[in-house]
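Note that the protein sequences, when read in sequence, are chains L, B, G, E, F and Y. Note that the numbering used here numbers the first sequence so that position 45 is 30, with each residue one more than the last. Note that the numbering used here numbers the second sequence so that position 61 is 46, with each residue one more than the last. Note that the numbering used here numbers the third sequence so that position 159 is 144, with each residue one more than the last. Note that the numbering used here numbers the fourth sequence so that position 155 is 140, with each residue one more than the last. Note that the numbering used here numbers the fifth sequence so that position 132 is 117, with each residue one more than the last. Note that the numbering used here numbers the sixth sequence so that position 53 is 38, with each residue one more than the last.
Hints are computed from structural coordinates only; laboratory data are not their basis. Treat the numbers as computed from the prediction; the structure is a model and nothing was measured. Every residue, glycine too, gets a C-beta built ideally from N, C-alpha and C. Among the hints, erroneous ones may be present.
A few chain Y residues that face chain G, going by a derived Cβ cut-off under 8 Å, partial list only [claimed, not checked]:
1. 98
2. 102
3. 125
So the derived label-pair ranges between C-beta atoms look like this [unchecked claim]:
4. 38/E - 99/L: 29 to 35 Å
5. 45/B - 147/Y: 53 to 59 Å
6. 13/L - 129/F: 29 to 35 Å
7. 64/E - 148/F: 35 to 41 Å
8. 38/E - 136/L: 38 to 44 Å
9. 51/G - 100/E: 42 to 48 Å
6 protein chains.
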Amino acid sequence: MNDSIAIYPGSFDPLTLGHDDIVRRGLRLVERVIIGVAETATQSKSGLFSIEERVALIREVYADEPRVEATSFQGLTVDFARSRGARLMIRGLRAVSDFEYEFQMALMNRSLWPEVEVLFMAPDVRHTFLSSSLVREVARLGGDVTEFVSAIVKERMDERFAESASR
Amino acid sequence: MNDSIAIYPGSFDPLTLGHDDIVRRGLRLVERVIIGVAETATQSKSGLFSIEERVALIREVYADEPRVEATSFQGLTVDFARSRGARLMIRGLRAVSDFEYEFQMALMNRSLWPEVEVLFMAPDVRHTFLSSSLVREVARLGGDVTEFVSAIVKERMDERFAESASR
Amino acid sequence: MNDSIAIYPGSFDPLTLGHDDIVRRGLRLVERVIIGVAETATQSKSGLFSIEERVALIREVYADEPRVEATSFQGLTVDFARSRGARLMIRGLRAVSDFEYEFQMALMNRSLWPEVEVLFMAPDVRHTFLSSSLVREVARLGGDVTEFVSAIVKERMDERFAESASR
Amino acid sequence: MNDSIAIYPGSFDPLTLGHDDIVRRGLRLVERVIIGVAETATQSKSGLFSIEERVALIREVYADEPRVEATSFQGLTVDFARSRGARLMIRGLRAVSDFEYEFQMALMNRSLWPEVEVLFMAPDVRHTFLSSSLVREVARLGGDVTEFVSAIVKERMDERFAESASR
Amino acid sequence: MNDSIAIYPGSFDPLTLGHDDIVRRGLRLVERVIIGVAETATQSKSGLFSIEERVALIREVYADEPRVEATSFQGLTVDFARSRGARLMIRGLRAVSDFEYEFQMALMNRSLWPEVEVLFMAPDVRHTFLSSSLVREVARLGGDVTEFVSAIVKERMDERFAESASR
Amino acid sequence: MNDSIAIYPGSFDPLTLGHDDIVRRGLRLVERVIIGVAETATQSKSGLFSIEERVALIREVYADEPRVEATSFQGLTVDFARSRGARLMIRGLRAVSDFEYEFQMALMNRSLWPEVEVLFMAPDVRHTFLSSSLVREVARLGGDVTEFVSAIVKERMDERFAESASR
């Protein structure tokens, strides 16, 4: 196991500035942050972007940051971590409901693989109310998401909604 | 700043097995964990052990672990961290109320020193209900704290309560 | 903007006595409360009443109260508010999970339109456990909802379930 | 009404060791615990086991415990309780979000039938992060659920996933 | 151990209608409810009534209810329960912060005496915001506490504040 | 009662930028915001500023805002509101623990005076972690509070700590 690698698992549909904030904080802790986009049956159906599109978009966002890698994974998060030689997992916390869910997942993951360690970090206070689902909803209803996602993500979201509208 | 050093600030009156669990998890992240016992006016009065006794007790507990250091500090936690060349701070999370307080402190600390990063970790599930104040109370009422603190801490607590009783 | 108008957005499927309590409290704050039934893809499918039926039902409930208006809206809640010249939004709070979601929405809305102000109000304590989804579920399972909704709403719910049964 | 009978309602898809812990605690309170598997439209569709399978599985688990009974029910939980002559209902609590939902349900049930009394119990601390949905998810992703469910439940889960895989 | 006895521990300074509601619910579960007023150093100093006065007041309130007993106790709650042959403990739950504290205490008590079982109950919804400290504060500031405590408790509170005023 | 007046009660030791944010939001709702500094036995002892100093400081802060008034009050908050002809009360909400306490107080106040209405508002997201006690603590430990309080408040705090140091 290599403790200078951490995985950052999630659905990232899409990556928000809150996620980006956690990635950049993670880079101060470890040499390499591997963003793992979880492939789950439900997400791929109702999502805005496909798993492949999300991975491609994250790669675009971090094109100039060789220490960030993006990939998709199937199966248990702990198995993904193990397969990448990572024992560390990073997660952002925003609200009490996040905390409860994350705590439950951390204890479950530890139960499945006692070596894993989840590091919870607080995002910048300005991002404490952000979530991918809220950003998707705002964009879907025609709102401006410039403050919530990076320029590249906004561009891809605009394209996606333009496609939907033209259909 | 040295990212292989983390401070673990608190009042530690006394160090419980929950704290110990976080220290040991911290040692898997960084080379050196500096346990900082905060000197505050209120704590020194109502506490079970004095600040000096707490530091001495923590040093006894980690006598065989050269990577753990214990010291007291006055003033802001971020100033203590900075003075030790540490940018990382570790904190355990147990419950929702912990989370809110810790989140508030993490954001305040970041406001005071943007470079600081707080890493929250979940203790072993068996320690999720432990707190120093609860352990003090149980011991004060004659309960057995063997399951909650290390053998050395228990011994010192027994001595302390024996002293109180004989007065 | 007219500060004697407030919008009260929601799905209202159906309007409960808890909602009614908030409407009546709102009428003590402003001259006019505009109940906005949000048109969302998911709600219209799985709901008990259609958007149009909900609006009609709310109009029936407030037939004698000219200061309450009901209408449906599409798009962002802040755009709806703006279109009606309203800068105030009222929302009821019941439980912790309500609070977190409402807080997140309020901050998101403020991010989208800094002029908007959300006023949170506590309903009567007797309604603190009420929710439209719980009321729908109880009615669907044959329970008596007399204590949870107004007489008109109950009548329409009875009709709706009678229709379902006779199909 | 017979106060030596309690119902324990839920979806139990599947019964976890956390549920089992609550059942065994319930047996110390009352003579007979009736596990009621709620038949709801949504659960029967997306579940791992059908309602009938869940009841059969619970009966297998408690084959040697004549004081535990398992059955399915339709309609309101309070009506089920009443039909079985039970005024007591037991529920496990794990987290804050559980608490809020359970509290809301308890107050709603009391509103529907003032005689009902819900007794909330804390499971063993080792089970505080367990949930049926998490156990289903772990098993679906190939994780080992030995620590989370009884041997019989694990066996039936393995069979179910083997069937899915061979289809 | 006698499972038709439950203890109801607390500080009861004073007994509110919320406490009374839990006592009456407890009487539907067990033959005898023993209200245990905990003697702690801090409470006896800052309290409205002394420990002895609280016990006497509770006895007055339940003068006609032979199945309720009131007594004070020192030391651990589990030791008090054990000394009375009771394995059951009842506690009311109102809010999230109650829940966390109560959950922590229940797990700590179980750690100290695995046989103990804490039964949490929800008070009547009208009492969900009541607390002894709030009632004391309201009375101290000249507010009317008729809706929050029984007539006997109100009378003793009035006497106490009249004494303070005349001093 | 005059619905263009709202009281904003609290201890304000000292007034933070979070409080100021709520005051300014309140001024968009009503003609006049009356900041009421509550006189309580405990606060006057352990506080940084006396009740009179707090009132004077708030008056300095709002010297150019004739629509804001500051005064101290004794007794129940609802009695203070009533004495000023105000039926509206404003309160800021930051976190879940705030919410629970505020909700409890709002219901208690309504119980004491059914006409009162509490309007909860969310402060700017940048102030969600601020509290007077945290600001006092930071200043006491030598931290810079420029970002947390207005210039006038900072000046008075600096003076106060300089006095303490020179004693």
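Evaluated hints:
Hint on residue 98/Y is violated. Least Cβ distance to chain G is approximately 14 Å, over the 8 Å limit. Contact between residue 102/Y and chain G, as hinted, is supported at the beta carbon level, the nearest pair being about 6 Å apart and thus within 8 Å. Among the interface hints, the one on residue 125/Y is violated; its C-beta lies about 30 Å from the nearest C-beta in chain G, farther than the 8 Å criterion. As the Cβ distance of residue 38/E to residue 99/L is approximately 32 Å, the hint placing it in 29 to 35 Å holds.
In this structure the supplied range 53 to 59 Å is violated for residue 45/B paired with residue 147/Y, their Cβ-Cβ distance being about 41 Å. The beta-carbon spacing between residue 13/L and residue 129/F, approximately 58 Å, falls outside the hinted interval of 29 to 35 Å. In this structure the supplied range 35 to 41 Å is violated for residue 64/E paired with residue 148/F, their Cβ-Cβ distance being about 53 Å. Checking the proposed 38 to 44 Å range against residue 38/E and residue 136/L shows it is violated: the Cβ atoms sit about 51 Å from each other.
Distance hint check for residue 51/G and residue 100/E: the Cβ-Cβ separation is about 43 Å, which falls inside the suggested range of 42 to 48 Å.
In this structure, the hints that do not hold are numbers 1, 3, 5, 6, 7 and 8, in rising order.
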